[in-house]
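Enquirer: Here's the letter readout for the chains.
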Amino acid sequence: MADTGIPLGPAKFEVEGLDLWYGQTQALKKVSLKVAANSITALIGPSGCGKSTFLRVLDRMNDLIDNVRIEGLVKYEGDDIFGDVDVIELRKKIGMVFQKPNPFPMSVFDNVAYGPRVHGLHTRSAAERRALVELVERSLVNAALFDEVKDRLHKSALGLSGGQQQRLCIARVLAVEPDVLLMDEPTSALDPISTAKIETLLDELKVRYTIVIVTHNMQQAGRVSDTTGFFLHGELVEFASTKEIFFNPKDERTENYISGRFG
Amino acid sequence: MQTRIHFIEELSRLNHDILAMGTRVEEALRRAIEAMKAQNVELASEVKATDEVINALQLKIEDQAAVLIATQQPVARDLRELVTVFKVADNLERAGDHAVHLAKAAIKLAGEPPFRQVERLAAIAELECGMIRGAVEAYLNQDAEAARRVAAIDDEVDSEHKLIVRELLELMRERPDQVERATRLLRASGYLERLGDHMTNICEAVVFLVEGKHVELND
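Residue numbers (the working numbering), protein chains in the order written: chain G, 1 to 263; chain D, 1 to 219.
This is chain G alone, in the form it adopts within the complex (with noise of 0.2 angstroms):
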């Protein structure tokens, strides 16, 4: 493994020699990188390359998936996350916005407000719902949406186009304050325009966020991150800076792979 140089902030995520099997398929294999805070860390690599597993892993979403072994370090902010660690208060520090966007069957408000409400925010004096009404603008905000859907907060969210349904999500995942935003290809079901939206946004969210976003869109990982990962075949091959991967990168898989060489 290179040096892993971590370019910015102190580390958000340490993984030291993370295994991981889908029953008898080791789908990861030794990786070890950190996760800089406030930075933006994509993962490149083919499909089945374990991208999206390492993704899942940060957050402990492989917990659901039967057969799943794990052996490795994984440590978020200096803790083990498989030692003892509430899982439920994880998941809400490390947020998850997926490839489709997946608005719930209510209104915009509702579904902002939808976490927040099951995470115990209660609603019962004017103040506590005023708070409520200020924590849903404020995520609308933030994630670049609210002047779109203001004057139509309490109409189906299914009526919004796939990149304000995308945001939405985002905005979703950003009410109920993370700390962390894990994304699993976020743009690739969305037209150029919509796609440049969201990347602008995760510029201006990683002043308060720690991102780390799979993509299958080189020249997106090119344009948004500070740091790229190159996976192939359960390895991690490459961690470097991101200029260093598109521009100078050291090994010759990734060499091939990003120049479209093979993949």
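Calculated directly from the structure, the hints in this document are not laboratory data.
All figures in this text were calculated on a predicted structure; none of them were measured in a lab.
Accuracy of the hints is not assured; some may be wrong.
Stated by the list, open to error - Derived pair list, reagent style EDC-like, types lysine to aspartate or glutamate, alpha-carbon separation capped at 20 angstroms:
1) D/Lys213 to G/Glu255
2) G/Lys243 to D/Glu81
3) D/Lys213 to G/Asp251
4) G/Lys243 to D/Glu211
5) G/Lys250 to D/Glu180
6) D/Lys87 to D/Glu137
7) D/Lys104 to D/Glu211
8) G/Lys75 to G/Glu14
9) D/Lys213 to G/Glu252
10) G/Lys100 to G/Glu244
11) G/Lys250 to D/Glu93
12) D/Lys213 to G/Glu244
13) G/Lys250 to D/Glu62
14) D/Lys108 to D/Asp51
15) D/Lys87 to D/Glu119
16) G/Lys100 to G/Asp84
Add chain D to chain G, keeping to what the hints say.
Expert: Here is chain D on its own, set in the frame of chain G:
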């Protein structure tokens, strides 16, 4: 992959033009120095015509490279190769300009008995023809070691140039009536010295292409 094949084809077309450009620059330099030696004004004028071809090739190469960047979005070594294409074309074009300057000096110096330093200038030009060819070949073969060897020739060029300067300054002190002509020759030697620097720039770009790091090959 179809697009990769297309990219490689376009790149080889580009490199073919770079080879053509390098050949023209070498040819221009040979003609310019030959014109100076033979006091052949007609031959010197031909150098200017060749320079138009060289300039046109530079624009063609740069346009092709820009289109490839826009349409293929190359990364890593592919991108470094295209960045290098711009540097190679730019430095070859500047070398062509220096050949023209030399040809103009040849025209101005014709008609009077030549200085013996012209022979020294011809020797430098010979070294530089080798540099032009070597630099272009190092680029085409992506050979960093060859690039380093070519750049090393520039040291010889520089010391030859210094000798010429010293001799001409002495001549000017002894023959004040020859100051104007000697100054022309002094400047001509300066153009040749600069031409060598441009070839060194190409060699540095080749090392950058191959090794991904910037180097200074001639301090």
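Enquirer: For the pair supplied as a hint, G/Lys250 and D/Glu93, is the alpha-carbon distance within the 20 angstroms limit?
Expert: violated, 33 angstroms
Enquirer: Within a Cα-Cα threshold of 20 angstroms, do D/Lys213 and G/Glu255 meet the stated pairing?
Expert: holds, 16 angstroms
Enquirer: Compare the distance between the alpha carbons of D/Lys104 and D/Glu211 with 20 angstroms, and conclude whether the hinted pair is satisfied.
Expert: At roughly 39 angstroms apart (the allowed maximum being 20 angstroms), D/Glu211 and D/Lys104 break the hint.
Enquirer: Straight-line Cα separation of D/Lys213 and G/Glu244 no greater than 20 angstroms?
Expert: holds, 11 angstroms
Enquirer: Given the proposed pairing of D/Lys87 with D/Glu119, does the C-alpha separation stay at or below 20 angstroms?
Expert: violated, 31 angstroms
Enquirer: Checking one constraint from the list: CA of G/Lys100 to CA of G/Glu244, max 20 angstroms. Satisfied?
Expert: violated, 30 angstroms
Enquirer: With a cut-off of 20 angstroms on the C-alpha distance, tell me whether D/Lys213 and G/Glu252 pass.
Expert: Between D/Lys213 and G/Glu252 the Cα gap is close to 17 angstroms, so the pair holds against 20 angstroms.
Enquirer: For the pair supplied as a hint, G/Lys75 and G/Glu14, confirm whether the alpha-carbon distance does not exceed 20 angstroms.
Expert: holds, 5 angstroms
Enquirer: For the pair supplied as a hint, G/Lys243 and D/Glu211, confirm whether the alpha-carbon distance does not exceed 20 angstroms.
Expert: holds, 15 angstroms
Enquirer: For the pair supplied as a hint, G/Lys250 and D/Glu180, confirm whether the alpha-carbon distance does not exceed 20 angstroms.
Expert: violated, 56 angstroms
Enquirer: Decide if the proposed pair is consistent with the structure: G/Lys243 and D/Glu81, CA atoms, cutoff 20 angstroms inclusive.
Expert: holds, 16 angstroms
Enquirer: Going straight from one Cα to the other, do G/Lys250 and D/Glu62 come out at no more than 20 angstroms?
Expert: Roughly 28 angstroms separates the two Cα atoms, so the pair is violated.
When held up to the earlier numbered hints, the structure conflicts with 5, 7, 10, 11, 13, 15 and 16 and fits the remainder.
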